[in-house]
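Read off the chains here:
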Amino acid sequence: MKRAILAALGLATSFAMPAAAEDIKVGLLLPFSGVYAALGNEIEAGFNLALEQFAGETDATFEIIREDTEVKPPVALGKAKKLILQDDVDVIAGIVSSGVLGAVRDMVHDAGVPLIVANAGNDEATGADCSPFITRMSFSNSQVNRPMGSWMHEQGIGKVYTLAPDYAAGRQMIDAFTASFTAAGGEVVGQEFTPFQKTKDFGPYLAQAKASGADAVYVFYAGGEAISFVKQYDSFGLKADLPLYGSGFLTSQLYVNAQGPAAEGVITALHYVPTIDTPANATFTEAFTAANGRVPSEFAVQGYDAARALIEATKTGASDRASLATALREVKFEGPRGTLSIDPATNNVVQPIYVYETVAGENSLTQTVLAQLPAEADPVNGCEMAPVSN
Amino acid sequence: MAHDLGFWTLQALNALQLSMLLFLLSIGLTVIFGLMHFVNLAHGSLYALGAYFAASLAAVGGYWMGFFLAPVAVAGVGILLYSGLIKRMRKSGPMAQVLVTFGLIFVMLDLTRIFWGDLALAIEVPALLEGRLAFLGVEYPTYRLFIIALGLMILAALAFVLGRTQIGAMIRAGVDNDAMAACLGINVERLFFVVFCVGCALAGLAGAVAAPLLSVTPDMGLQILIPTLIVIVIGGLGSLKGAVAGSLIYGVVQTFGAVLAPQLASVLIYALLAVVLVIKPVGLFPAKG
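Residue numbers (numbering that gives the first Met the number 0), protein chains in the order written: chain A, 0 to 389; chain B, 0 to 288.
One chain only, chain A, in its complex shape (with noise of 0.2 Å):
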């Protein structure tokens, strides 16, 4: 609100000013209620943080309208439908949930409104549902996942049961593991898809994991599935001989101290971890701890490199849709997560993946890095767009 003030007041002051800056009207569509309201908050505290501490690079002015998706696909429709014919914005970014996604797709497409993913993780988005007007600044579900099977597979483990959510993110997740881990030499030995937040109890699985045979256990789960899993994993004593690996959404600096104790030793991969050693990284961490009261999870990260995405692209002298979303596609920056590019095939952000352990800190649960994956731009799934032209 306060911004939107600011940047009324700049757009207010501009008429008494000779060459006035271009003012981007940027719509931010994030879920501020429903289940993934904390995902929503984080996106929105890194975007701020990174709209205060680059803002001064370039002579843009940004004026954000924020919109409540509430999580449902119907009511983000419009959302975005309004955002982009009744506030006219230039710029949308956003997006928590792959299936508002999917239904926001068709409209800033044919609108030709440049849109900077922040969350949403489908690989469609940027496969066969690719855009050129949809840039992705977080992840792809298959990118996090990928590099892990063979990394797992250098490390010995032969067999391994796998576990996710019965929903396209669970399978699409544990699919691009499979298929680099079977790729690398190694075994599947069981594999479980748990109806979708509706298993509370994760005994039956953890009961058949455990009897399968398997080396390792591998999974994907998120927020409070992922909470009740590590706890209840924990509590039947698997964690010994049977090491839990991940997605690392699994101990996700936003709750794994919920999870406490049952997290250490938990080995996962992600696109970024707060304990990552970079002077990009220090900066942003303290800066959003100062504002925040709390370490910066991965979502934090997303809003934070989605501003400065949208920040590089204006210092091109992009100001409108179509020259935003063509900027957009060749931004390239150093942020807290390494160096960050756009792959112009698919539009999808290439980054370096980390393999991290959590750990007991001095007095909470912390991170140790155990590999730095290097970056791979996703195979193109079927994306056909025009390349970047000028």
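None of these hints come from the bench; they were simulated from the model.
Fair warning: there could be bad hints in the mix.
For each label pair, taking beta carbons as the anchor points, the in silico distance ranges come out as [said to hold, decoys possible]:
id, chain 1, residue 1, chain 2, residue 2, range
1, A, G236, B, V59, 26 to 36 Å
2, A, D276, B, G60, 31 to 41 Å
3, B, F101, A, D240, 42 to 52 Å
4, A, E285, B, A11, 50 to 60 Å
5, B, G60, A, K24, 47 to 57 Å
Residues of chain B placed beyond 12 Å of chain A at every Cβ, according to the derived structure [what the hints assert, rightly or not]:
id, residue
6, M94
7, G102
8, L103
9, I166
10, K279
From the derived model, a few chain A residues whose C-beta atoms are all more than 10 Å from chain B [as the list claims (entries may be wrong)]:
id, residue
11, T181
12, E333
13, G360
We treat Cβ as the ideally placed atom computed from N, Cα and C, and that holds for glycine.
With the hints as your guide, set chain B onto chain A.
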């Protein structure tokens, strides 16, 4: 799949544990339902509230403080609900009651979000119940055994109160025929109030007990509502026996369904519900014959 005996024992314990958790929730709902034909869909929200109270209290005074005080606090909320809303809704028919208590779910959901935030909370298992016990030849988490034991204790206590005491006889009379019970001099309205509070306290207890096992999230009340309703519809409205049978059936079908037919795990219980509704629409052990 060749599994040894230990595997099946483990799964049986898993089933029993889930059943007991659901039993704590459904018994309160079913007796309120049976006694006064009052549909309290907000029962799940009271469970969530119990978990939140327990999490806050545990942060101050340890797990046991949450365990003992959360049910009391939830019963307090129950009293507020009763005197503020439910008393007025008593005569307004099931549709209005469903709408009001359904609305309450969302009010409570947002209230928990405002007070406790969107991030999931958690409670640590108390030191006493940490680790695992060797039981029937398998290693089983102590805390889960505690849930089973607690469920059985509550079951025994309720069976005693309902079956062997005067107040139990009054409740049963009220469930059976409330008009006749009132004619015989039983203050059915006050009885309902007491039962309502106890039901709320049990929901709070279920929340406090489930909190260390699961995560404490604002939508946990909504998620548990459907299983609870399935339990009482299968078991039959208003009876202790029905709540026990319904919980056990739900626990066994969910657990063994996940093991034997994982692809059908989420459908099985609904299929069973449909079968029960077709064959015996009043449930397996309804309070009224």
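Results of checking the hints against the structure:
The beta-carbon spacing between G236/A and V59/B, approximately 30 Å, falls within the hinted interval of 26 to 36 Å. Between D276/A and G60/B the Cβ separation comes to about 40 Å, which falls inside the hinted range of 31 to 41 Å. Evaluation of the 42 to 52 Å hint for F101/B and D240/A yields a pass: the beta carbon distance comes to about 46 Å. Checked against the hint of 50 to 60 Å, the pair E285/A and A11/B passes, with Cβ atoms roughly 52 Å apart.
For G60/B and K24/A, the Cβ-Cβ distance of about 51 Å falls inside the hinted range of 47 to 57 Å, so the restraint holds. The claim that M94/B lies off the interface holds: its Cβ sits roughly 26 Å from the closest Cβ of chain A, which is beyond the 12 Å cut-off. Consistency note on G102/B: stated as away from chain A, and its beta-carbon is indeed over 12 Å from all of that chain's, at 16 Å minimum. Against chain A, the non-interface label of L103/B holds: every CB pair exceeds 12 Å, the least being about 17 Å.
Look at I166/B: its CB is around 33 Å from the nearest CB on chain A, clear of 12 Å, so calling it non-interface holds up. Look at K279/B: its CB is around 25 Å from the nearest CB on chain A, clear of 12 Å, so calling it non-interface holds up. Remark: the non-interface label on T181/A is consistent with the geometry, its nearest Cβ contact in chain B lying 21 Å away (cut-off 10 Å). Listed as outside the interface, E333/A is consistent with that label: its C-beta sits roughly 30 Å from the nearest C-beta of chain B, beyond the 10 Å cut-off.
Chain B leaves G360/A outside its interface by the beta-carbon criterion, the shortest separation being 17 Å against a cut-off of 10 Å.
In this structure, none of the earlier numbered hints is contradicted; all agree with it.
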